[in-house]
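Q: One letter stands for each residue in the lines below.
Number of protein chains: 2
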Amino acid sequence: MNLPKKVKIVEVGPRDGFQNVKDFIETKDKIEIIKKMVDAGAKHIEITSFVHPKWVPQMKDAKEVLEEVKDCIGDREVELIALVPNKYGALKAKEAGAHTITYVISASEAHNKANVNRTIEESFKELEDIQKELGDVKFRLALATTFGCPFNEKVPTSRIIEMAKRGLSMGADKILLADTIGSASPLKVKNIISEITKEMSPEHFVTHFHDTRGMGLANTLVALNENITYFESAVGGLGGCPFAPGAAGNIATEDLVNMLHSMSIETDIDLNKTGEVIDLIREKVKSPIVSHMASLCKEQ
Amino acid sequence: MNLPKKVKIVEVGPRDGFQNVKDFIETKDKIEIIKKMVDAGAKHIEITSFVHPKWVPQMKDAKEVLEEVKDCIGDREVELIALVPNKYGALKAKEAGAHTITYVISASEAHNKANVNRTIEESFKELEDIQKELGDVKFRLALATTFGCPFNEKVPTSRIIEMAKRGLSMGADKILLADTIGSASPLKVKNIISEITKEMSPEHFVTHFHDTRGMGLANTLVALNENITYFESAVGGLGGCPFAPGAAGNIATEDLVNMLHSMSIETDIDLNKTGEVIDLIREKVKSPIVSHMASLCKEQ
Chain A
1 MNLPKKVKIV EVGPRDGFQN VKDFIETKDK IEIIKKMVDA GAKHIEITSF VHPKWVPQMK
61 DAKEVLEEVK DCIGDREVEL IALVPNKYGA LKAKEAGAHT ITYVISASEA HNKANVNRTI
121 EESFKELEDI QKELGDVKFR LALATTFGCP FNEKVPTSRI IEMAKRGLSM GADKILLADT
181 IGSASPLKVK NIISEITKEM SPEHFVTHFH DTRGMGLANT LVALNENITY FESAVGGLGG
241 CPFAPGAAGN IATEDLVNML HSMSIETDID LNKTGEVIDL IREKVKSPIV SHMASLCKEQ
Chain B
1 MNLPKKVKIV EVGPRDGFQN VKDFIETKDK IEIIKKMVDA GAKHIEITSF VHPKWVPQMK
61 DAKEVLEEVK DCIGDREVEL IALVPNKYGA LKAKEAGAHT ITYVISASEA HNKANVNRTI
121 EESFKELEDI QKELGDVKFR LALATTFGCP FNEKVPTSRI IEMAKRGLSM GADKILLADT
181 IGSASPLKVK NIISEITKEM SPEHFVTHFH DTRGMGLANT LVALNENITY FESAVGGLGG
241 CPFAPGAAGN IATEDLVNML HSMSIETDID LNKTGEVIDL IREKVKSPIV SHMASLCKEQ
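Protein chains in written order, with the UniProt record's numbering: chain A, 1 to 300; chain B, 1 to 300.
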């Protein structure tokens, strides 16, 4: 098995996790949870999304969350990332002090249309506009539906490669390969990532797996074997459907970290302290915790 | 990736799953569930355990369940397997018409003592006695704690190899490599199975993974890559602790089958019909269903 000594993790719970929670989470609770994640070792956090509150009311406090967390963190080296759907969001994220923005383009035309009401080409043009407007903004390009589209549009790997190359040529810090609907199989992950990394170095890529069908960690293992060393996950496995217990969301940070540690792969995350974050989430967030390690973190 | 075209699955829900359910499941309900599993394509079922009802009251109807299911199945080719802890259980299982028995010896002395109050050597002697008494009984030797012991006893792979060889020399049909406490990491699975299969053909082995820490499918993937083609799983992911939702038990048959099918690996199992088994379990069994695919089976 081809395993690295250390990997990086982006904690996406405060963005991808929280945005799927129906009941509003108080701003002060969000901030407290994020601070506890930093205490648990998180070095890269997708902290919020500068999306119109009409579409995602949960993110209406994006500015306040980002500004407050930035103040609290002080000079600790933590990358605060904000997702933005468009130029307006990018401007707001920069104003509030985001270190990095995540800009999403779906590799499926149908999904991109449904998600941001643009063609893929229009989305790239908007990204160019963002760069013109914001100057040297550090950005990550997320390629949604890399491993499967909810509208069953076939996404050829050549398109993923082309989009990734275009993103890198525009200066993207990282390219995210996102399994938006949790449908990737290990074989698909192997085939797609090995094709991509024939043409570009694996160090440019981050995987974003959902655990909808329970294959999240198996897919991560395959990505590790293909030399990917950067992963996104959400504490507590947040991001699933609150009405279907067991229908998990993002891969859970604690499940991911436990698997990595059990193979002697270092992360910056302390599993015991992650257990404390989960306790706080249970107290403050009305969403079931569906990860496997949630109750076992403190026993490791 | 080194993947087979077809694999075999032993459905262990009626034994390993049910025995962890606190409330008694009515005998007629057990039988109905097992019959539905057969309808869903199960060809190998660990149907019950001939253990003393004082230790596992849930299994007090072992004889009745086995006899009734055998009658219902008629001449359909389904292997009915019964777990036995000792010679007495083996005799009862044979009398009731089990096709195959599973006999468990733990690779950890401490766990074997706790489980059956015998040394490993005494357990092998009992197996010899069973063979003398029962003649040409078809048996599977399950090596509990192959990948980790709850008492932290270190189990050298050389001991697993020695025990497996001894089992095969005694005529074992299969050797089960069991991750009794769900602590195996993919790296551990790789290391142990690759060592074992240097000395014996992979076709002798069946893996039995628990999903306690969410690594069950990742571990299965590694085993597949090491040429294992025979897996145990429990419908609904039964076998977990009923007081800790998310603390999963056996890997869920539906999660396993979905992963295999999504990589074009054939099984005998129909995912849609497995969804019907799960509906019945929800109705009849007081235990949470914690698998990922439980609510998605019928959408595949």
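By construction, these hints were calculated from the structure, which means they are not laboratory data.
Take the hints with a grain of salt, since some may be wrong.
For identical chains, the list gives no copy identity; a pair is met inside one copy or between any two copies.
Said to hold, decoys possible - Simulated pairs of lysine-lysine, DSS-like, Cα-Cα distance not exceeding 25 Å:
| id | residue 1 | residue 2 |
| --- | --- | --- |
| 1 | 284 | 113 |
| 2 | 298 | 188 |
| 3 | 298 | 154 |
| 4 | 190 | 8 |
| 5 | 190 | 284 |
| 6 | 63 | 22 |
| 7 | 190 | 6 |
| 8 | 70 | 87 |
| 9 | 284 | 63 |
| 10 | 165 | 284 |
| 11 | 5 | 190 |
| 12 | 60 | 87 |
| 13 | 298 | 54 |
| 14 | 284 | 8 |
| 15 | 138 | 165 |
| 16 | 198 | 54 |
| 17 | 113 | 286 |
| 18 | 94 | 198 |
| 19 | 60 | 198 |
Q: Next, verify each hint and record whether it holds.
A: A quick look at each hint next to the structure:
no. : hint        : in the structure
1   : 284 <-> 113 : neither (34 Å within a copy, 44 Å between copies)
2   : 298 <-> 188 : between (34 Å within a copy, 22 Å between copies)
3   : 298 <-> 154 : between (43 Å within a copy, 22 Å between copies)
4   : 190 <-> 8   : both (20 Å within a copy, 23 Å between copies)
5   : 190 <-> 284 : neither (38 Å within a copy, 40 Å between copies)
6   : 63 <-> 22   : within (20 Å within a copy, 50 Å between copies)
7   : 190 <-> 6   : both (21 Å within a copy, 19 Å between copies)
8   : 70 <-> 87   : within (22 Å within a copy, 67 Å between copies)
9   : 284 <-> 63  : within (20 Å within a copy, 50 Å between copies)
10  : 165 <-> 284 : neither (41 Å within a copy, 54 Å between copies)
11  : 5 <-> 190   : both (21 Å within a copy, 17 Å between copies)
12  : 60 <-> 87   : within (17 Å within a copy, 67 Å between copies)
13  : 298 <-> 54  : neither (39 Å within a copy, 34 Å between copies)
14  : 284 <-> 8   : neither (27 Å within a copy, 45 Å between copies)
15  : 138 <-> 165 : within (17 Å within a copy, 58 Å between copies)
16  : 198 <-> 54  : neither (42 Å within a copy, 61 Å between copies)
17  : 113 <-> 286 : neither (31 Å within a copy, 44 Å between copies)
18  : 94 <-> 198  : neither (34 Å within a copy, 57 Å between copies)
19  : 60 <-> 198  : neither (41 Å within a copy, 59 Å between copies)
Consistency note: the structure conflicts with the earlier hints numbered 1, 5, 10, 13, 14, 16, 17, 18, 19.
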